[in-house]
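These are the residues of each chain, in order.
2 protein chains.
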Amino acid sequence: MKLSNNVMSMQFSPIRKFNGYAFDAKKKGKKVYHLNIGQPDISTPPAFLEAVKNFDETVLAYAESGGDTKLIEAVIQYFNRFGAKIETEDILITNGGSEALQMVFSCILDPGDQVMMAEPFYTNYHTFIAAAGGEIAPITTTAEEGYFYADPVKLEKAYTENCKAIAIVNPGNPTGCTLSEADIQVICDFAVKHDLWIVADEVYREFVYDGGKMNTFAKYPAIADRLIIVDSVSKRFSACGARVGFVLTKNKDMQDGLMKIAQGRLCCPTLEMLGAAALYELPGEYFNETRTEYEQRRDCVYRELMKIPGIVCQKPGGAFYIMAKLPVESTDDFLVWLLTEFDDGGETVMYAPAEGFYATPGLGKSEIRIAYILKQEDLVRAIELIRLGLEKYKAEGHR
Amino acid sequence: MKLSNNVMSMQFSPIRKFNGYAFDAKKKGKKVYHLNIGQPDISTPPAFLEAVKNFDETVLAYAESGGDTKLIEAVIQYFNRFGAKIETEDILITNGGSEALQMVFSCILDPGDQVMMAEPFYTNYHTFIAAAGGEIAPITTTAEEGYFYADPVKLEKAYTENCKAIAIVNPGNPTGCTLSEADIQVICDFAVKHDLWIVADEVYREFVYDGGKMNTFAKYPAIADRLIIVDSVSKRFSACGARVGFVLTKNKDMQDGLMKIAQGRLCCPTLEMLGAAALYELPGEYFNETRTEYEQRRDCVYRELMKIPGIVCQKPGGAFYIMAKLPVESTDDFLVWLLTEFDDGGETVMYAPAEGFYATPGLGKSEIRIAYILKQEDLVRAIELIRLGLEKYKAEGHR
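Those protein sequence lines, which keep their order, are chains A and B.
Per the numbering used here, the first sequence runs over residues 1077 to 1475.
Per the numbering used here, the second sequence runs over residues 1077 to 1475.
The shape of chain A in the complex, shown without the other chains (with noise of 0.2 Å):
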């Protein structure tokens, strides 16, 4: 009896797997700073649990395998605010965004196939795909570049025969890079060219700064057929916890392959569901205030990150994460030693060490990711922590 080859080239969340020192840490009194993973500390609307508390039937059956109508509707209405026109029948509503990714690279790929990705990249795109059978096929960027890869040498170079798709996380996580128009039809022209899916996945769609425009891929009718947007509730409302995501195609097989394997998991929780419409129901206003608290926070991190001697790091438009080049040469080292030796006052901080973003190897050793999903008083005693921490790291002889 032996694991499948899928599961074995399969790793460990690079994000999670350090949460066993976090906790050691903890169980030794000190305060550890998370800078490491996407929870948002903003408060999920109430809406959210209101409309869940109303549920008044008396047995919670299955629902449609392809989503609460109620749902559905509410998320049609909240296209039409960009200006992108979507059908019933183009939606599918899946158990967040990560189950919809898994649905998508499940349709497109064969074992052997690739997807083209901006590297570094949303570190479970590599379960996703990995669980398909399939690869990536990355379009490598760097800290010193401000990650930006919507440039056709770059992705001309990072193409091969077996690239069935393309894949776009748009703002960027865990760059923050955000697209152009002008980016954006870089990549449709691309993906016209070598008969590509575009996989867009725009969880941080309201997460744009310095007055940058909203964006979806929905809107540009000349890929309508190849474009398979990935979307959730988790950021964009604060509700992670709720599982709730959708898949937004107009391309019928597609639509058709994805229900097979919906219909097979039978169907999403009733209660997320309904939770989740009383969230699309919310006025676009919402988004203004939780913009702006992310655009002050996200000065505060780049300005206290920029106090850090011989750090490189560029100022993200978009999304709640920023990369970071660090003067070390391992930040999953770093990190060990942070949560273990290392303390300031009883407190220390937590990162993603990037290197798990990565499809290259050796590369992102040195970066880190930050999510700066805390209050600004924590965000600045946090990224002082990683000053401090360097400084007795280096002078203890680490490299």
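Please keep in mind that the hints were generated in silico from the structure rather than gathered at the bench.
All copies of an identical chain are treated as equivalent in the list; a pair is satisfied when it fits inside any one copy or across any two copies.
Straight line, CA to CA, 25 Å or less: simulated BS3-like cross-link-like pairs of lysine-lysine:
(1) Lys1233 to Lys1078
(2) Lys1161 to Lys1289
(3) Lys1468 to Lys1103
(4) Lys1146 to Lys1129
(5) Lys1093 to Lys1328
Please build the complex by placing chain B on the supplied structure of chain A, with the hints as guidance.
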């Protein structure tokens, strides 16, 4: 752009694929008795929604990937009733039994690998196994012998070199077959002999009639290292819409493989896990009333079915399904006719045609699965509608 071979080889749910006909029939004012889906009409215990309503955190945050500690603890206590000693790390909470099965087969199967399974089987196994690139090696059983499969000769005949696992649903869906202690021993010995994983789907564990003993493969230490139990709250607590299940295994490699996939999809919904924990805390007596109700329904359905001339049907010992062979060439065609051409006083009936429950081409075309999830007077009427329909169908010259 095309879809993956895996998804192309999958089928739409044969249980759900006739829903459009039923929808149209209802739109025309017909009443449709649904015997086609295992959605119980028993009330979900109020403890579920009470626990959900008591949630009082301001942020609905990600849960642990392996599941909520309170729920895992409640599951462990529940297993104590069966004399099975389960540890925290043995349990991984999933989005229903469906996700549990997807994960398990993804951990076991490489393309071309096979899973032994009695046919007819719960049709979504097709989807779960195909999604992992595998296929079913069917242990063929028949209506005439009550769909019994725990026979060394039958098992050896179905075995191939590509088999990596044997999957058992006990009590059985769709057959209602239950395994005796001796039957379980036959399967355990066979799995050890051929070094197979045992995937034991025990979601109907409590639904055993005629004074039969509830059982679990978790009680057999000789196979502990090759055992993977899949379970769910859906049927046990009439909470299908909660989508809470779990995998139980003591095999450390399997635990690691499952956790990799679980971390990829982050976690299950927090609120549903709180509700499910409250369900598992219900006293063991909770099941007695439900069991009695279903046993009476089974007797009722069987009695009514036996009034149909030419039917082949054995009284099953568990779950809440009964398979029957009707004197028609195609139960698919007969069902479409029932929904589109037939009514008796404005009423008709829907069952699940059984062809999709078989892996061997050509089998099951004359068989149906009935879920006895309606109250007895409705069951009597529903079976009467099948009988009246059959008379008219034959009288019209259909075969």
